[in-house]
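Colleague: Here are the chains, one letter per residue:
Number of protein chains: 2
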Amino acid sequence: MAKVSLGSKTMTLPTPAWLVGSYDADGKPNVMTAAWGGICCSKPVCMYVSLQKPRYTYANIMERKAFTLNVASEADVAKVDYCGMVSGRDNDKFAVCGLTAVKSDLVDAPYVAECPLVVECRVLHIQDLGQHTMFVGEVFDVKVDEAAMKDGKPDPKAIKPIIYAPEDRHYYGLGADLGLGWSLGKEYK
Amino acid sequence: MAKVSLGSKTMTLPTPAWLVGSYDADGKPNVMTAAWGGICCSKPVCMYVSLQKPRYTYANIMERKAFTLNVASEADVAKVDYCGMVSGRDNDKFAVCGLTAVKSDLVDAPYVAECPLVVECRVLHIQDLGQHTMFVGEVFDVKVDEAAMKDGKPDPKAIKPIIYAPEDRHYYGLGADLGLGWSLGKEYK
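Residue numbers (this note's numbering), protein chains in the order written: chain X, 1 to 189; chain G, 1 to 189.
FYI, nobody ran anything at the bench for these hints, they're computed from the structure. The reader is advised that the hints may include incorrect statements.
Residues of chain X placed beyond 10 Å of chain G at every Cβ, according to the derived structure [as the list claims (entries may be wrong)]: (1) D24; (2) A25; (3) D26; (4) K43; (5) P54; (6) Y56; (7) M62; (8) R89; (9) K103; (10) V123.
For lysine-lysine, the following DSS-like pairs were computed, each having C-alpha atoms within a straight-line distance of at most 25 Å [what the hints assert, rightly or not]: (11) K157/X <-> K9/G; (12) K9/G <-> K9/X; (13) K9/G <-> K43/X; (14) K103/G <-> K65/G; (15) K9/G <-> K53/G; (16) K186/X <-> K28/G; (17) K53/G <-> K28/G.
Source: prediction; values computed, not measured. By construction, the Cβ of each residue, glycine as well, lies at the ideal position given by its N, Cα and C atoms.
Can you build the whole structure from these sequences, using the hints too?
Modeller: Below is the structure:
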């Protein structure tokens, strides 16, 4: 298949559209939307989010050394988009969106009550890469809505996470179940 | 909404299911499946993948200081699963899966011809986090199948990326288009 070169671009699929929760120096909660994030270690469990230095959340995480990564459900996609459009310096995004900041017992950051899946992190490493700084956090807890659990596990079809597509700049839902891992591949073994 | 605590787990949504392309010291191409990966900087454009030290690909990337991140299409989900089940030490995964290794002109790693979206990276930083080591690579090119381009941009609905759900351990396709970023959020501005 002939391929087109796009050059050095921030383009892959999927990327997330997470709400990053943090407190500022005065204890005001904020959320911002971020797509540059992921899991980066299984033991200790680590996740990261990359942020630009001018962002309000950047200063908050530098101050508090903690953040939450909140997976919103697709019904809240417009709220997620809004939280990436404006700064918490000038807006109380929780109030505008009708979202609830819950103080974590484990890390110095708020999580979003309305998000069916939330991850609570304390900063472990900070790596300045250029335009973005990568905050690697150790995961202290993952919390999931009771209604989104099935057979003792988080159910992706109930969580309905939002997927972001760079370049295209659209958000997408989760699609069809394609099958079980460590199982489908037996066809080739 | 009442939430259940799962503890410190590698759980979020979405995570990718990428094929990581590399050469070993003898020039033999290999692919392995990885879900701990993402975009981590916009300038220079950087992406990372996290790997465990015993992995064949870990030694390859340490040797060659380059890797590719290949986004397979959902029709190839069984091949993607297989490439996460066995080691390239004992298997020629390209041959078994009927996949084609293409030598990159830009980085010292092969990409997968059959993947509609491929990203070519040279290692910029290596961070040992514990069970996993994070390889941050600078992106030298993103290549997309001509047939998966639409209006000059990669079309996620044509690429049909695979999404992995930790804990649940199922693969999913991309779902419905939920709308355009920096646009839906105007409802709250």
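Colleague: Evaluate each hint against the coordinates.
Modeller: Cross-check of the supplied hints:
Non-interface status of D24/X relative to chain G is upheld: no Cβ of that chain comes within 10 Å, the nearest being about 20 Å off. Residue placement check: A25/X keeps its beta carbon more than 10 Å from all beta carbons of chain G (closest about 25 Å). The beta carbon of D26/X sits about 23 Å from the closest Cβ of chain G, which is more than 10 Å, so the claim that it is off the interface holds. Chain G draws K43/X into its interface by the beta-carbon criterion, the shortest separation being 4 Å against a cut-off of 10 Å.
The Cβ of P54/X lies farther than 10 Å from every Cβ of chain G, with a closest approach of about 13 Å, so its non-interface assignment holds. With a least beta-carbon separation of about 16 Å from chain G, Y56/X lies farther than 10 Å from that chain, consistent with its non-interface assignment. The beta carbon of M62/X sits about 17 Å from the closest Cβ of chain G, which is more than 10 Å, so the claim that it is off the interface holds. Distance check for R89/X against chain G: the nearest CB is about 15 Å away, which clears 10 Å, and the non-interface claim stands.
At the 10 Å boundary, the C-beta of K103/X stays outside the reach of chain G, the nearest C-beta of that chain being 14 Å off. A cut-off of 10 Å between C-beta atoms confirms that V123/X is not in contact with chain G; the least separation is 13 Å. Proximity of K157/X to K9/G is assessed by CA-CA distance (about 19 Å); at most 25 Å being required, the pair is judged to hold. Distance restraint check for K9/G and K9/X: the Cα-Cα separation of roughly 31 Å exceeds the 25 Å cut-off, and the hinted pair is therefore not satisfied.
Proposed proximity of K9/G and K43/X is supported: the alpha carbons are some 9 Å apart, at most 25 Å. For the hint pairing K103/G with K65/G, the CA-to-CA distance comes to about 15 Å; that is within 25 Å, so the pair holds. A distance of roughly 20 Å separates the Cα atoms of K9/G and K53/G; the hinted pair therefore holds under the 25 Å criterion. This hinted pair checks out: K186/X and K28/G have alpha carbons roughly 23 Å apart, not beyond 25 Å.
Between K53/G and K28/G, the direct Cα distance comes to roughly 19 Å. Compliance with the 25 Å bound is thereby established for this hinted pair.
Comparing the model with each numbered hint stated earlier shows that hints 4, 12 do not hold.
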